[in-house]
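Undergrad: Sequence:
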Amino acid sequence: MWLPSHASAIALLAWSALVSNAAAQVTTDCNPLNKTCPPNPAFGTEYNFNFNRTPNVDVWQTTVGPIEWSLNDGATFTIRKQGDSPTIRSKFYIFGGRTEIWMKAAQGTGVISSVMFLSDDLDEIDWEFLGGDNANVQTNYYGKGVIPEKSNGGMHPVGGGVQNGYHNYTTDWQKDRLEFWVDGALVRTLHAKDANDTYYYPQTPMRLSLGIWAGGDPRLEKGVNEWAGGVTDYSQGPFSMYVKSVHVQDYGSGKEYVYGDRSGSWESIKMVEGNSTIKEKVNEPPEKSLSDRWEDLPDGAKIAIYASVAGFFGLLFFVGLFYCIRQRRHGAREARVAEARAETERLELERFKKAGIDPDSFTASASEYNAKEMRRGGAQDDDSYSIADGPPVTTASPLDFTSSMGTGAVAGGMRAVSPSVYSDRTGSIQSMMNPAQQYGAQPQPQRTYTADRYGADDGGYGNAGGHNQQGYWGNGGGGGGYR
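Using mature numbering (1 follows the signal peptide of the UniProt record, and there is no 0), the letters of the sequence shown map in sequence onto residues -24 to -1, 1 to 459.
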């Protein structure tokens, strides 16, 4: 259902009350009808803005974001959640002029895509697209912010649909008439004399705003929702409006527009002579690319750059070569050390073999000593380094490693056990050391002969020495063996 188009102004005012960011769309910081205000910066030129990248911030202002910019779609204005109303606004004003906007409207019940021209004294020109109506576009105008009882709006069909593709929406605004065009076809003309004898006719400098908002927001009044086409269901979003380009021609000139009095009439506007700063900004040559800058360099500079680059890579090559050589030398040293270690181990193995020792015979299981348990009673552990008994070995000095240990190892019958452990502490059996050397317990395990009949007459290497002789540990002679 289409309601009188002045409902759109009521809707936008209500929306601005709900969302503070949108208030700038329909309000002014300084109304020249009430007081003296700063001059309006004039556009004073003609220019085509392609929105395939972020526009110059000196020319356009994003009042509510975010807005996305892309090569294929141009500027994208999207509502993703309740309260979103992305909007961009020009920092320049036109005083009469022609604009062509290539855009595609958003779909979605209650979603409004809009193009709005607004002056400081609230003269207004609108293009509005309802998300629930793909077939038509609405046009409207207001003077001095007054919402008339009779509608100022119009509705115009658009071939192919406003949401299905990009269309050209052109506004031609002059002192005595206002024209609306769609894809090169004139769809509406408003004469100044028909707007309450020009009073409600837009006739003061305006700036351009592009944006999207939700007239179907459930927080708005029921009448506003009805004008927008119904309540917006945000779960069906996002809802996006696209603008590829904006062509602007200002019929005024100079650098500024100034209100000469507080009448708000066309004749009261003064054009200040001079160069428009906005005009200078938009006509600045684009920043040169790297390839363009390279082409602008003289041949001598190019040769110097080539030489510098070549020198850099040459230095980089030699640094890399030096590093590789150093690493190879370091690796060679490590290899020589490893070879020397291997040779040492090989020679040691050969010495064992020449002595008749099988190195594998040293592989045995050993139990850990528990100092706490041993302190309790001075108990000895007979299970350490256990190797099966072997045949008799020849008598040898207890310090003769080659004859005693070696012979036992060759025979495969050497048995390693720990000696009895003694301590002078309370509860110990007997000191293992000479009374003159009472320095504490001697926990080191020692190998001793395993049987009395294998012992020597001169003393055993262990608890007891040979027959009737003092033991090696001073515990008395007797039937000591290699235990």
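Fair warning: there could be bad hints in the mix.
Derived lysine-lysine pairs resembling PhoX-like cross-links, with alpha carbons at most 20 Å apart [claimed, not checked]:
(1) Lys67 with Lys257
(2) Lys67 with Lys169
(3) Lys246 with Lys11
(4) Lys120 with Lys220
(5) Lys151 with Lys120
(6) Lys198 with Lys231
(7) Lys220 with Lys67
(8) Lys120 with Lys57
(9) Lys231 with Lys246
(10) Lys126 with Lys67
(11) Lys246 with Lys151
(12) Lys151 with Lys169
(13) Lys246 with Lys67
(14) Lys11 with Lys120
Cβ-Cβ distance ranges computed for the label pairs, FRET-style [to be verified]:
(15) Cys6 with Lys169: 50 to 58 Å
(16) Lys151 with Ile281: 32 to 40 Å
(17) Gly296 with Asn48: 39 to 47 Å
(18) Arg195 with Glu22: 37 to 45 Å
Everything labelled a hint here was simulated from the structure, so no lab data went into it.
Computed from a predicted model, the values in this text were never measured in an experiment.
For glycine and all other residues, C-beta sits at the position ideal for the given N, C-alpha and C.
Undergrad: Now tell me if each hint is right for this structure.
TA: Now the hints, each set against the structure:
Simply put, Lys67 and Lys257 have alpha-carbon atoms about 11 Å apart, close enough for the 20 Å limit, and the pair holds. Between the alpha carbons of Lys67 and Lys169 the distance comes to roughly 30 Å, so the proposed pair goes past 20 Å and is violated. A distance of roughly 16 Å separates the Cα atoms of Lys246 and Lys11; the hinted pair therefore holds under the 20 Å criterion. This hinted pair does not check out: Lys120 and Lys220 have alpha carbons roughly 31 Å apart, beyond 20 Å.
This hinted pair checks out: Lys151 and Lys120 have alpha carbons roughly 16 Å apart, not beyond 20 Å. At roughly 45 Å between alpha-carbon atoms, Lys198 and Lys231 are farther apart than 20 Å, so this suggested pair is violated. For the hint pairing Lys220 with Lys67, the CA-to-CA distance comes to about 19 Å; that is within 20 Å, so the pair holds. As the CA atoms of Lys120 and Lys57 are separated by approximately 33 Å, the hinted pair breaks the 20 Å bound.
As the CA atoms of Lys231 and Lys246 are separated by approximately 11 Å, the hinted pair is consistent with the 20 Å bound. Of the supplied pair hints, the one linking Lys126 and Lys67 is violated, its CA atoms being roughly 32 Å apart against a limit of 20 Å. Annotation: proposed proximity of Lys246 to Lys151 holds, straight-line Cα distance about 14 Å (limit 20 Å). The straight-line distance between the Cα atoms of Lys151 and Lys169 is roughly 10 Å, inside the 20 Å bound, and the hint therefore holds.
Between Lys246 and Lys67 the alpha-carbon distance is near 19 Å, which keeps this suggested pair within the 20 Å criterion. Restraint check for Lys11 and Lys120: the C-alpha separation of about 14 Å stays at or below 20 Å, so the hint holds. Against the hinted window of 50 to 58 Å, the Cβ-Cβ separation of Cys6 and Lys169 comes to about 29 Å, which falls outside the hint. Hint check: Lys151 to Ile281, Cβ distance near 58 Å, so the stated range 32 to 40 Å is violated.
Separated by about 44 Å at the C-beta atoms, Gly296 and Asn48 satisfy the suggested range of 39 to 47 Å. Checked against the hint of 37 to 45 Å, the pair Arg195 and Glu22 passes, with Cβ atoms roughly 42 Å apart.
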